[in-house]
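Chemist: For reference, the chains in residue letters:
2 protein chains.
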Amino acid sequence: MSKVAPVPTQSKAPDGTVYEIPSDSAIAAGFEELRGNVEERRSQGLKIVVVQGLGFVGAAVAAVLAGARDSAGKPVFFVIGADLATPEAYWKVARINSGQFPVPSPDPALAELLGAAVATTGNLRAATHEEVYGLADVIVVDVPLDAAECVTEEGSEIRVRIAPFEKAIDVVGRRMRPDALVLLETTVPVGACEKIVLPLLTRLRQGRGIFEPPLLAHAYERVMPGPRYADSIRRFWRSYSGIDERSAAAARDFLQAFIDVDAFPAWRLPDTNSSELAKLLENSYRAVNIAFIQEWTLLAEKLEVNLFEVIESIRVRKGTHDNMRFPGFGVGGYCLTKDSLLAQWGADSLFHADVKLGMTLEALRINRAMPLHTLDLAAELSGGALSGKRVAVAGVSYLPEVADTRNTPSEILVDALAARQAEPLVHDPYVAVWPERPLVPMAASLEECLRNADGLILAVPHAAYRGLTAEAILQQGPRLAFVVDAQNVLSDDAARGLHSQGIRVAGVGKGHWRKRRYHE
Amino acid sequence: MSKVAPVPTQSKAPDGTVYEIPSDSAIAAGFEELRGNVEERRSQGLKIVVVQGLGFVGAAVAAVLAGARDSAGKPVFFVIGADLATPEAYWKVARINSGQFPVPSPDPALAELLGAAVATTGNLRAATHEEVYGLADVIVVDVPLDAAECVTEEGSEIRVRIAPFEKAIDVVGRRMRPDALVLLETTVPVGACEKIVLPLLTRLRQGRGIFEPPLLAHAYERVMPGPRYADSIRRFWRSYSGIDERSAAAARDFLQAFIDVDAFPAWRLPDTNSSELAKLLENSYRAVNIAFIQEWTLLAEKLEVNLFEVIESIRVRKGTHDNMRFPGFGVGGYCLTKDSLLAQWGADSLFHADVKLGMTLEALRINRAMPLHTLDLAAELSGGALSGKRVAVAGVSYLPEVADTRNTPSEILVDALAARQAEPLVHDPYVAVWPERPLVPMAASLEECLRNADGLILAVPHAAYRGLTAEAILQQGPRLAFVVDAQNVLSDDAARGLHSQGIRVAGVGKGHWRKRRYHE
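Protein sequence lines, in the order shown, are assigned to chains A and B. Per my numbering: the first sequence ends with 549, consecutive numbering throughout. Per my numbering: the second sequence ends with 549, consecutive numbering throughout.
Be a bit skeptical, because a hint or two may be false.
Where chains are identical, the list cannot tell them apart; a pair therefore holds if satisfied intra-copy or between any two copies.
As the list claims (entries may be wrong) - Here are the simulated BS3-like cross-link-like pairs (lysine-lysine), alpha carbons at most 25 angstroms apart as the crow flies:
(1) K385 with K196
(2) K331 with K76
(3) K385 with K331
(4) K385 with K224
(5) K385 with K41
It is worth saying that the hints were derived from the structure and are not from the lab. Since the structure is predicted, the reported quantities are computational estimates derived from the model, not experimental observations.
Chain A extracted, bound-state conformation (with noise of 0.2 angstroms):
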């Protein structure tokens, strides 16, 4: 006898709230439904954009999409945001469809602008069915494209999840209209246009009986969770390419149809190995930058020198050196923690060319190490054990003031704590379920993390972080016996009110504190 898994038929979003997953039926129903709207919108004049992918992009994008106005103030778009059925991903399309975005953003531009679109233009629907493919004008590809080095004793291996992402273009090339234009945002490994999709494409199109080349073309995103979520699609610069003139020239085409390319002009470069190639090394620059930082903080700690000082007075050099990064905590979230690696896999895996990515595959393993460095701080001013110690977190975000917590850096300091037998208790005001770490007891305020704690690392700059007073750590944290500070969000007084008080006191990139707390 054999088991069947029984079928999923919840989803549970970060916050907590349960979606019940809807039947095949009840899809294919609701997928009918909205079959005829699209003809309705279509007749009207709309494009029909599908949105593949309602992540952190996705979703932006499906809501800047909806939100596009012709000159008559008219939308431009009907829009479908599409994901899976799955426990993973449901809770999105769920969400989407009652007028909310997904996740908590600092700028109410997006919620605003896809509660306007469920509830008023009705331009804008999430649905699960795959067939919505083959409702589109337009196809823009969000799906994510995991990443990742596994470094052992025998040197290091990239991993990259390609599989997800031909399912992806699987499904598109099976149910896409012949003329539909499919735009890739995914970031994707060097060469993955020409040498992955087009042929993946072409091959399932030739099954249908269609024999011309499809419409495709790369415009990478920028996009940016934050105060300025909405803008970094629709204000921000835009690269793009495609596979041959006419993709090229739909991309533009579809792009200045919701981007502002007054103020800021589309470019277009020559080929899609020309723009995935650019995405990467963007990436990788400032991943570089921070790692460079990373070594000259590990050596102005051990000179006792401020190197936050320092690289003020450098930054005055405009043009050149004025986006010197300062010290910090780790790297985090969706791209600077992988994109080089997919520029070194498809130089490998899809052009088997012989070139290595030597110092820039360097600095991403520094960052990785980053937030060991705070750890390390930690355990010092512990007095070197860390072993039955509660050590507050302060922040899991992998950056200020949004939610997000992929591939932060809080998670490998908490998951070393743990390893060096401490107690991690963790606070971020914007997070009060953990998705990566959904074991981790997340305090309900600063003050039940401090309570009982004998450490705090302040490990995100939130602002409700950069206010503390050293009177209003030590009234919430009455048993600390340090704090390590490793995103300049202590200012001096509070530091040194802390140090008077007999707190063991350091701060990432600050050597002078070591200074102070070894001779005074």
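Position chain B against the provided structure of chain A, taking the given hints into account.
Modeler: Same frame as chain A, but now just chain B:
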């Protein structure tokens, strides 16, 4: 019988001019005259400044100091440029005393300042007698401090030539007036002021019965030979620090007498370790970002991508990505090639700190290897081997429009060409004699250089090369079979023109030419 080496009596400038080195008695007589001159000018209210070392920095600083005026339009300083009566250095002394700036400069301001100071206001002299340090109110140290990394199979070792620097400080300590300010502009290992200069000056002064601490400050220069050579001193940012409050105040007063501090306020750093580190970090930042692009240059070429276009498209992101570097030929000059080594050496030798600037030092290695990639492209275009080929190298200075050949990447290229049994034919419009490679004949014109050349490597983007058309290149070089453009010198038209005439063409960072070469 022991032999005594004859005392050298001549000093030869890079342009071939020979100067007689004066006898000891003539030097002594010259000093007595200078001493009288100084006493008179001091009584007129001028401060006496000795600039120690008349290289690319010291000579320019001396000229700018001599040009400083008070609010009444009168000279502020009487300036003595001090260097050694040796074959290597004396020509600079002679040339300044004849009213000429020692090296050709594209900035006419320096020659004007220097000529006027020597001929009109009479407030600038160059001298070799070591007693000049005893005349100074301020001693500005601009002596070289060399460093290099020696890479062997067992590992790498950083070698710093600290002895000549200590010798320079030694003469200051033995001669300086008790209340003179010693201001270091030389780029030094981090820790040098506190751990080398201060102990040495203190000991020498105590030997002379001077027990109060010296006035000692560090204020690193950002001199850039080129069209804004003078303004890179008087109208640019300057950071400084002192070993104590008195020293910092004295340094500030001195700097604001010749720097436009209204537009570029001097930035005080809290200690000399901080300002020494700032200089090294600042230049390492550039070196790392050049190496980063070199890695991606090799990748882009394999992928047949034009990295220039890609980087142009990324640089629209002002404030974060607009200083991304472009592909190129290599890194030369006195700073970016060695300053990172001074940080690691200082950490190791002066602080005994267990910290490694691994990625930073790797960047210097990548940069040193850059010219060899250009060589590889030349070999590839030449059919694999360069043996027996006559290869024109256009440009040996390390920057366009300057005569400075220190650590030029052309040196690495020319040496490697010779090692591969090719014959380098070298031209530079600014370099008649190549000081570091005096045996390499310099062609008098590009035409002479190209006349018998089998191939051309464009190594420096001098204006004289940037305008070159395909016709001009082919007319001057009738035997040319290949051209490698290592500096984005050729226009697309020129490249296409050469290609259409059967010349094989490649550009560093321009993988799309590779595609054209093989497929057109």
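Chemist: None of the hints should be skipped; say for each whether it holds.
Modeler: Taking the hints in turn, this is what the structure says about them:
1. K385 with K196: neither (29 angstroms within a copy, 45 angstroms between copies)
2. K331 with K76: Result: close neither inside a copy nor across copies, 60 angstroms intra and 39 angstroms inter.
3. K385 with K331: This pair counts as between: shortest inter-copy Cα distance 11 angstroms, intra-copy 32 angstroms.
4. K385 with K224: within (20 angstroms within a copy, 41 angstroms between copies)
5. K385 with K41: neither (42 angstroms within a copy, 46 angstroms between copies)
The structure shown violates the earlier hints numbered 1, 2, 5.
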